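Student: Listed here are the chains, written in short residue letters.
Protein chains: 2
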Amino acid sequence: MNSKREADKHMQQFYRYVEDHSAGYVQELQSLLREPSIITNTIGMTSTATLIEQIMLRMGCQVRQITCGDSKPYLYGEVGSGPPTILFYNHYDVQPVEPLNEWDFGPFSAEVHDGYVYARGAADNKGSLSAALAAVETYRKVIGDLPFRVKFLFEGEEEVGSYNMERLAQTEKELFQADLCFWGSGVLDNSGHPYISFGLKGMAYIELRCSTLRSDIHSAMAAIVDSPVWRLLYALTSLRDARGTITIDGLDTHVRPVSAEDRDRLVPSDFDPDYFRDLFGIKEFLHSNDPRELMERLFFHPSLNICGIRAGYTKGGTKTIMPREAWANVDLRLVPDLTPELVVNLLRTHLDTLGFGDVELLLKCAIPGYRHQPSADHLARIRQASLETFHSEPSFLPMMAASGPMYHVCAPNRLPVLSFGVAHQGSHIHAPNENIRVHDFIQGIKFIGRVLDLFGCPNRSGI
Amino acid sequence: MNSKREADKHMQQFYRYVEDHSAGYVQELQSLLREPSIITNTIGMTSTATLIEQIMLRMGCQVRQITCGDSKPYLYGEVGSGPPTILFYNHYDVQPVEPLNEWDFGPFSAEVHDGYVYARGAADNKGSLSAALAAVETYRKVIGDLPFRVKFLFEGEEEVGSYNMERLAQTEKELFQADLCFWGSGVLDNSGHPYISFGLKGMAYIELRCSTLRSDIHSAMAAIVDSPVWRLLYALTSLRDARGTITIDGLDTHVRPVSAEDRDRLVPSDFDPDYFRDLFGIKEFLHSNDPRELMERLFFHPSLNICGIRAGYTKGGTKTIMPREAWANVDLRLVPDLTPELVVNLLRTHLDTLGFGDVELLLKCAIPGYRHQPSADHLARIRQASLETFHSEPSFLPMMAASGPMYHVCAPNRLPVLSFGVAHQGSHIHAPNENIRVHDFIQGIKFIGRVLDLFGCPNRSGI
Chain A
0 MNSKREADKH MQQFYRYVED HSAGYVQELQ SLLREPSIIT NTIGMTSTAT LIEQIMLRMG
60 CQVRQITCGD SKPYLYGEVG SGPPTILFYN HYDVQPVEPL NEWDFGPFSA EVHDGYVYAR
120 GAADNKGSLS AALAAVETYR KVIGDLPFRV KFLFEGEEEV GSYNMERLAQ TEKELFQADL
180 CFWGSGVLDN SGHPYISFGL KGMAYIELRC STLRSDIHSA MAAIVDSPVW RLLYALTSLR
240 DARGTITIDG LDTHVRPVSA EDRDRLVPSD FDPDYFRDLF GIKEFLHSND PRELMERLFF
300 HPSLNICGIR AGYTKGGTKT IMPREAWANV DLRLVPDLTP ELVVNLLRTH LDTLGFGDVE
360 LLLKCAIPGY RHQPSADHLA RIRQASLETF HSEPSFLPMM AASGPMYHVC APNRLPVLSF
420 GVAHQGSHIH APNENIRVHD FIQGIKFIGR VLDLFGCPNR SGI
Chain B
0 MNSKREADKH MQQFYRYVED HSAGYVQELQ SLLREPSIIT NTIGMTSTAT LIEQIMLRMG
60 CQVRQITCGD SKPYLYGEVG SGPPTILFYN HYDVQPVEPL NEWDFGPFSA EVHDGYVYAR
120 GAADNKGSLS AALAAVETYR KVIGDLPFRV KFLFEGEEEV GSYNMERLAQ TEKELFQADL
180 CFWGSGVLDN SGHPYISFGL KGMAYIELRC STLRSDIHSA MAAIVDSPVW RLLYALTSLR
240 DARGTITIDG LDTHVRPVSA EDRDRLVPSD FDPDYFRDLF GIKEFLHSND PRELMERLFF
300 HPSLNICGIR AGYTKGGTKT IMPREAWANV DLRLVPDLTP ELVVNLLRTH LDTLGFGDVE
360 LLLKCAIPGY RHQPSADHLA RIRQASLETF HSEPSFLPMM AASGPMYHVC APNRLPVLSF
420 GVAHQGSHIH APNENIRVHD FIQGIKFIGR VLDLFGCPNR SGI
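Residue numbers (numbering that gives the first Met the number 0), protein chains in the order written: chain A, 0 to 462; chain B, 0 to 462.
Mixed in with the good hints there might be a few duds.
For identical chains, the list gives no copy identity; a pair is met inside one copy or between any two copies.
Calculated pairs, SDA-like style, for lysine to any residue (alpha carbon to alpha carbon, straight line, at most 20 angstroms) [what the hints assert, rightly or not]:
#: 1; residue 1: 8; residue 2: 143
#: 2; residue 1: 314; residue 2: 101
#: 3; residue 1: 282; residue 2: 210
#: 4; residue 1: 8; residue 2: 347
#: 5; residue 1: 282; residue 2: 394
#: 6; residue 1: 314; residue 2: 283
#: 7; residue 1: 363; residue 2: 23
#: 8; residue 1: 282; residue 2: 45
#: 9; residue 1: 140; residue 2: 376
#: 10; residue 1: 282; residue 2: 230
Simulated from the structure, these hints should not be mistaken for lab results.
A quick note: this is a predicted structure, and the numbers were derived from the prediction, not measured.
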């Protein structure tokens, strides 16, 4: 009890400091959000990295900018001394901003309205990156030198598949040695209740292209000439049925049945179908309306989505042409045994078997999934941090439906991964009007500080 | 024989004049081609109309610029006095120029290389429009006052479906009174052998749009949320089978079987599959490799083509999003009993029946087909003109596979329609590097002059 009170006292100081300085944290977040860092268009990557480096230097980190092959700069920083060592992985790149006309505010003006910060990257993932930096800097300022080691590893290529991370993990092995990886990705619900997860799906982002003609042709010829657009559409619709089940030959044999333990880990109250129905205008979910079954699909089944498709004349008005080529980008979200390479091989064979040898495949992004179910001890610490900062029981999810480079970051040392972020369910991640709530951001700084404290000095907190 | 020799003499003068002044005709064509007149983007319509009006005034026409509703200006001109009266229908608008990077020359620089003029609109349809003006002007200059009446009717909305033509035909009935309509559309083959046709297919240009979501969603949700892109793809692939046969419920009952007479009108040597295979890189034709069967499909069967399709992120790089909407523009080429309105109704019912009530339809362009099989007498005159100018037997096609507003132009007075144009099979109509051969253009002026002479003064030519 004595140590508990002591812990409370130093953390109460920490919490109060965070509250008193919340305006400053928001300002620093805004500076970061005002730097566009769209990796897809390679806009503003260096200036964003430089800004983050300055913050890391200010807080006393040993900082290295590392490039690996043709990579954008990785930012690596260390502060404090362990054991234990906590590795904060995050990324400073963001998704493109299109469609621009659907934004209510400039995507890089980082305006605050009614307690929300609007910007591309606010939720994915500069809000959580900034919260982690703020938590560590404030911890040192308020509580003193860190009795544990913090490693920051920030990349600029997450949104395009972290394609240099595997090589970095091979060439800079010591950077990845730690006791826990903290990945700043996750959401809170409308009442500020946090979701914390311990794994993520893999992804294969694949371009399918059909270019069967030498040039566009007058569309009157469609009576006798097959079109690459039709061929691409038949190829695509052969990959999935209308109920959303992937029909690529042989793929289902690589999807493990959901275990009883995993099913038990899914808590129906953690998924509110009506909330998402309302948020996105969804009329019917695929497969089921049962929360547990929907979560099972989200976490343990692969999915196939068309991110973009284009052929022919796509401006306004009319143009009567048979386009000479058509292409689509699809992303498959993958479960553990289903690697991106395996998926591409299955897809190639499937298309060839159906006579679609003329549909070319290009694997543009490949991320294996990763998962590490935490110990009861870990869960207890996270629960305590959540109760103290969000005043709410956390929801623990075995997986998140999204993807990230945790396999390359964590697999070499089999690190437990803890995913928590300051986004919320209405953050419009990857979409127009991306936003986070200022309150979540501030509470998130407190939560991260408390997690550091509990994982970094377990004895002090008496767990 | 006497009258024949006399005819020869005045036409020989005409032919010689055309040859001697060919450079001037090409220059005037180039001026016309250098005026962009892209109706889809409403670029340069007025200046193009003004240039044509000036040419018509110069050659002694009574000219009217007519607008009808919100139409671009119609140019109507009369010269000579009949009977008979020959109505030249043509259009001065052109298709968009995208994809621009696939042009070898600027689409509006109208450069001449190795006997070809390259420009958007060269083949469709300013080459033939210019040839008709040149033929009439030269006929008056060389042979004298016209003993027949020529009417010119040029519109600026053909490429978007001539949507004001029906109203013009109702409000300006007298403009359409004539004995023959000459529509400047058609091709020559590689040896300069002309194809002349007597009807065209209808067209329905329809947008299909599926917008089932309120906003784009992170693509991880594809495991449980159906996507408007997938829905559009399933809807589209329900409309046609992989062999190109339209499968819209009930549509086939409105397609008349090909009559024995029509089948007999198809001459296998008029369609060279290998030529098109090579030109466009076509590996296999749909349905058949037999020339007669391919022509039968082209002229007497409906077709369904996707002119453009778009959803989601279509720039370079990757973006993992489920798009909130998807759309496609399709064009159906129609046979006589299949009106655009009927097609839209059948399509709506088909989609509703299959549960695609959320796929919205917009009929963006509706053109009924038209056909008028000419008399043997007419065919004989055209044959004579072809022999004299192209030194080649013409090919007579009962139909063309393309579409145009001939129904509205010709149906009120049941005009015979004769389609001849100075394009060739490699003209890349609607596509990059659109071109015509200078030789075809010059011979075309002679041919049109001779057709005028034979139809306008049948007795003089002794037919």
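Student: List, from low to high, the hint numbers that the structure doesn't satisfy.
Tutor: Structure breaks hints 4, 5, 6, 7, 8, 9.
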